[in-house]
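First to last, the protein sequences are chains R and W. Numbering (the numbering used here) for the first sequence: 1366 to 1645. Numbering (the numbering used here) for the second sequence: 61 to 362.
Errors might be hidden in some of the hints.
To be verified - Here are the computed distance ranges between Cβ atoms for each label pair:
1) W:A157 - R:A1409: 37 to 47 Å
2) W:Y209 - R:K1371: 33 to 43 Å
3) W:K276 - R:L1419: 42 to 52 Å
4) R:G1590 - W:L97: 30 to 40 Å
5) R:F1398 - W:A157: 24 to 34 Å
6) R:I1381 - W:K276: 12 to 22 Å
7) W:A90 - R:V1501: 22 to 32 Å
8) R:G1473 - W:V136: 37 to 47 Å
9) R:F1445 - W:D168: 34 to 44 Å
10) W:T269 - R:P1488: 41 to 51 Å
11) W:N213 - R:V1501: 49 to 59 Å
Unchecked claim - Below are the BS3-like pairs computed for lysine-lysine, each with C-alpha atoms no more than 30 Å apart in a straight line:
12) W:K276 - R:K1377
13) R:K1589 - W:K299
14) W:K169 - R:K1377
15) R:K1489 - W:K283
16) R:K1413 - W:K225
17) R:K1498 - W:K139
18) W:K169 - R:K1371
19) R:K1498 - W:K133
20) R:K1561 - R:K1542
21) R:K1632 - R:K1561
22) R:K1489 - R:K1636
23) R:K1377 - W:K283
24) W:K172 - R:K1636
Claimed, not checked - According to the in silico footprint, chain W covers these stretches of chain R (three or more CB under 8 Å from chain W):
25) 1389-1397
26) 1414-1425
27) 1465-1471
28) 1571-1584
29) 1594-1608
Hint data in this document are derived by calculation from the structure and do not stem from the laboratory. For each residue, glycine too, the CB sits at the ideal point set by N, CA and C.
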Amino acid sequence: MKLFKKLGRMEKSDLIVNIIVTILAICSLLPLFWLVTNSFKPSAEIYKMPPDILPKSLYLDNYKELFSNQPALRWTFNSFLVSFVTTGLSVILSAAAAYAFAKLKFKGKNIIFAIFIASLMIPKETFIVPLFKIIVAFDWVDTYQALIVPNLATCFGVFMLKSFFETIPDSIRESAKLDGANEFTIFFKLMLPIAKPGIGALFILNFVTFWNDYMWQLLMARSKGMNTLTVGVAGLMQEISPNMGLKVAGAAIAAMPMIVIFVLFQKYFTKGITAGAVKE
Amino acid sequence: MENSIDLKKEKTKKKYRGIENPWSGYLFIAPQLILFLLFILYPVIEGFRMSLFQSNYVSETFVGLDNYIYLFKDPVFLKSIANTIFFVVAIVALTIAFGLFVATAVFDKSAKYVSFIRGSFYLPVMVSMVVMSMVWNFLLNPANGLIAYLLGNLGFENVNLLGDKFWVMPVIIFVTFVGNVGQAIILYIASMIGIPADYFEAAEIDGATRWQRITKILIPLVKPTTLYLTVINIIAVLKIFVVIQLLTGGGPNNSSVTMMYYLYQNAFVYNNTGIAAAVGVLMFIVALLLSLPQFKTFGKQK
Chain R
1366 MKLFKKLGRM
1376 EKSDLIVNII
1386 VTILAICSLL
1396 PLFWLVTNSF
1406 KPSAEIYKMP
1416 PDILPKSLYL
1426 DNYKELFSNQ
1436 PALRWTFNSF
1446 LVSFVTTGLS
1456 VILSAAAAYA
1466 FAKLKFKGKN
1476 IIFAIFIASL
1486 MIPKETFIVP
1496 LFKIIVAFDW
1506 VDTYQALIVP
1516 NLATCFGVFM
1526 LKSFFETIPD
1536 SIRESAKLDG
1546 ANEFTIFFKL
1556 MLPIAKPGIG
1566 ALFILNFVTF
1576 WNDYMWQLLM
1586 ARSKGMNTLT
1596 VGVAGLMQEI
1606 SPNMGLKVAG
1616 AAIAAMPMIV
1626 IFVLFQKYFT
1636 KGITAGAVKE
Chain W
61 MENSIDLKKE
71 KTKKKYRGIE
81 NPWSGYLFIA
91 PQLILFLLFI
101 LYPVIEGFRM
111 SLFQSNYVSE
121 TFVGLDNYIY
131 LFKDPVFLKS
141 IANTIFFVVA
151 IVALTIAFGL
161 FVATAVFDKS
171 AKYVSFIRGS
181 FYLPVMVSMV
191 VMSMVWNFLL
201 NPANGLIAYL
211 LGNLGFENVN
221 LLGDKFWVMP
231 VIIFVTFVGN
241 VGQAIILYIA
251 SMIGIPADYF
261 EAAEIDGATR
271 WQRITKILIP
281 LVKPTTLYLT
291 VINIIAVLKI
301 FVVIQLLTGG
311 GPNNSSVTMM
321 YYLYQNAFVY
331 NNTGIAAAVG
341 VLMFIVALLL
351 SLPQFKTFGK
361 QK
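Based on the provided sequences and hints, a complete structural model is requested.
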């Protein structure tokens, strides 16, 4: 009843616009709804028109086949390994640099920071040829290093965390200093715990980025066993095979962790994305 | 007098230095800096150099600007520029317009409703263009896809949108837009919520309608966000690759080739690394020019 009263007080145009927005919001979820529900249908049922909105029964063979006849388990493992390690290392390295830029004094600080920020706007893809050459020279193609190390070279985290460190008062640092703590102790014992909300947001944001990475993983993972989920299932899709159910289940598996993460951590996303953008 | 002040300064400086080791700053940024030099700066410089050589992965010969001359004579490359520009204009216009439409509608509503709207539009962004492209590929399949079936019911027979020279770009633009607009919505809502409520209250007392409040107050006030979104969306579209690879492979008849796809094909399919590097350099310059105004805003924040 309360809701109706509220709706009654809205301007008519506002009400209509919001009904349209709500409908469109639901529509934008439909492709994913289609994906998840169809992954539980046998191929014949997926082809059936008009389609059933929900599967007739919870058909699990697509997933069984994906994990027994395809190296999907290996792909999932690779995706988790690469995303976790890249994210973890990148957060620590960014936090250290961000802390230095926010709190420490050293020559050339502003210039180096400006160059870091400038690199944010340059898409990595434009220099993918020389980057690829470097990896070839290192003889890293088809290794985990190749999937992890070059991705650590992103300054987004430095930019995002710097503002978090700046909000921490200097007096905390000074009193720790007087107690004889050195810069590393201060960073690990004091600053990191205080900056936790920012680090959490960055962690999730980076995890999603690395999980969803495609072009670099496609170039680096040559053997089927080194593939990550996105590359693996994209490869499945390009195979000429009528086994629609298997392909749909593959795409669903690649999407699933992101859906779960989003449901669990929605507020971190909003925080992370807005912190990365222009501040007022 | 002056000397004693200087002396005092010197002393405090020394004392300060005593606690603050000037090297610890460098130590903290060193790992990030090394990664930056090795995997960003060096490749950029190397990319410029490579673009002046005719090369594959085995040998190279210096050719000066020949790669660039070749590019501007290649009809496929010119097509890719035209497509990329069309793509950029369409995506930016759609994203800004739709982002504003959604954000202005919901920004002053209850928190739960806002997070539902935000979430629904952001979820497709989260699950990545790879998965979204796959889903649309299934849906758009001319033989047994849902969209062909629905269009068939409306009386259109045998529709193959991705195989149609005219429809292929609009369809790809739509797919990209759906997988992308959530970010604009989140940023717009965040900056609109940040605007003090008194502005609207004052306008309301003066009898302004909601439409007037939106167009005269809200949209002008979120202009920095609009600028930011414009730049990052242009740059994001420049590097669009997955959608093209998974949906059309550049076809039919090159009508959906973009610069990034052209670069990729030359680099990793035809082994024309010099040509690919030259395309990269051109895209790099475009991205840099576009983001210059953005750097100025970053500078002002300090």
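Going through the hints against the structure:
no., hint, in the structure
1, W:A157 - R:A1409: 37 to 47 Å, "holds, 42 Å"
2, W:Y209 - R:K1371: 33 to 43 Å, "holds, 40 Å"
3, W:K276 - R:L1419: 42 to 52 Å, "holds, 47 Å"
4, R:G1590 - W:L97: 30 to 40 Å, "holds, 32 Å"
5, R:F1398 - W:A157: 24 to 34 Å, "holds, 26 Å"
6, R:I1381 - W:K276: 12 to 22 Å, "holds, 21 Å"
7, W:A90 - R:V1501: 22 to 32 Å, "holds, 26 Å"
8, R:G1473 - W:V136: 37 to 47 Å, "holds, 45 Å"
9, R:F1445 - W:D168: 34 to 44 Å, "holds, 41 Å"
10, W:T269 - R:P1488: 41 to 51 Å, "holds, 42 Å"
11, W:N213 - R:V1501: 49 to 59 Å, "holds, 52 Å"
12, W:K276 - R:K1377, "holds, 19 Å"
13, R:K1589 - W:K299, "holds, 26 Å"
14, W:K169 - R:K1377, "holds, 15 Å"
15, R:K1489 - W:K283, "holds, 28 Å"
16, R:K1413 - W:K225, "holds, 28 Å"
17, R:K1498 - W:K139, "holds, 28 Å"
18, W:K169 - R:K1371, "holds, 10 Å"
19, R:K1498 - W:K133, "holds, 27 Å"
20, R:K1561 - R:K1542, "holds, 21 Å"
21, R:K1632 - R:K1561, "holds, 14 Å"
22, R:K1489 - R:K1636, "holds, 25 Å"
23, R:K1377 - W:K283, "holds, 27 Å"
24, W:K172 - R:K1636, "holds, 16 Å"
25, 1389-1397, "holds (count 7)"
26, 1414-1425, "holds (count 3)"
27, 1465-1471, "holds (count 5)"
28, 1571-1584, "holds (count 6)"
29, 1594-1608, "holds (count 5)"
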